[in-house]
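Colleague: Heads up: the sequence shown begins at -1 in our numbering, then just goes up one per residue.
Everything labelled a hint here was simulated from the structure, so no lab data went into it.
C-beta atoms are modelled at their ideal positions from N, C-alpha and C, and glycine is treated no differently.
All the given hints hold, so there is nothing to weed out.
Here are the computed lysine-lysine pairs in the BS3-like style, where the Cα-Cα straight-line distance is at most 27 Å:
1. LYS133 / LYS189
2. LYS154 / LYS209
3. LYS135 / LYS186
4. LYS189 / LYS154
5. LYS133 / LYS303
6. LYS186 / LYS316
7. LYS189 / LYS316
8. LYS154 / LYS133
9. LYS135 / LYS189
10. LYS189 / LYS209
11. LYS303 / LYS154
12. LYS303 / LYS186
13. LYS135 / LYS154
14. LYS133 / LYS209
15. LYS303 / LYS189
Here are the computed distance ranges between Cβ atoms for each label pair:
16. LYS257 / GLY98: 12 to 20 Å
17. PRO272 / ASP231: 24 to 32 Å
18. ASP231 / THR292: 16 to 24 Å
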Amino acid sequence: MWPLFRFTAFAFAVLLAVAPAAAQNPTLTIYTYDSFAGEYGPGPGLEAAYEKVCACDVNFVGTDSSIGALRRVQLEGATTSADIVLGLDTSFAGEARATGLFAPHGLTFPRTVIPWTDTEFTPIDQGYFAFVYDKRKVPNPPTSFEELIAMPESFKIVLEDPRSDTPGLGLVLWIKAAYGDHAAEIWKGLKPHIRTMARGWSDAYYGVFLKGEADMVLSYTTSPAVHIILENDPNYGDAIFSEGHYPQIEIAGILKTSKNADLARQFLSWLTTPEAQTIIATTNYMYPVALGATLPEAFGSPPEKVLTLDEAAITANKAAWIEEALAAIR
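With the hints as extra help, turn the sequences into a complete structure.
Modeller: Okay, here's the thing in structure tokens:
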């Protein structure tokens, strides 16, 4: 007969071997752009807040851009681990919709500050494209595209490439919405003022503008708030144009291949709560899309005049409009 302790150890080992493994929380995987997922972006705050109210783990995966996130999902196909793609905007919604990758979300948004009826994509945040300038260097900024064109040739701006960057595409749509068939003329007028066309926003803003190599940079009306809040620096402004400003509404969608579709749906609904909208607004420096968020005073008010274009028109003509702009400045 075995000693009692040896029998007890053997029995315990058998129990461990046959006992089912403890259930693990499901992981909600979200593909987005790097700055959203990064240390100073909304990702960490949203992850910590949502994991307190769900029996789940939230995993933000950053890529070079929101378009890059979509391309990654397209390449991975049915093997992708992503449940959600987040950070595309409405100017790219038609192309994303045409991939057939996204499932209907089945949600309604009665508390959004803009009417929302899209059945595949949900709103995350919104902003408005604008030229940002240093008040010490540019005390009297232009107040329209025509005034900008009339500035001395030495007055330089830095733009982003519309083929690779959201603000770059935003400028193409902004000028097209404001000037229609005369858009190419505006681009030709801007040509002498373009210091460079950077591949992305970070390269333009940090790599050129903040180094003093351009007088204005294409960014957002909320960009000056970043300097005020993070740096206590009130010396940056956004030039309000009389033509109006073009909006960017960032969106998210649930993939048809998601193994956690119900959890993904609950998360996207939660993103429009005051708690989530406040986190997004104060770390992504965009305006909320739903009521109840708390904003710092530095955000100011959105532009009064907002321009729009139809999604179908954007999807059908985007490539031609980009080529029209690039041809005018070559």
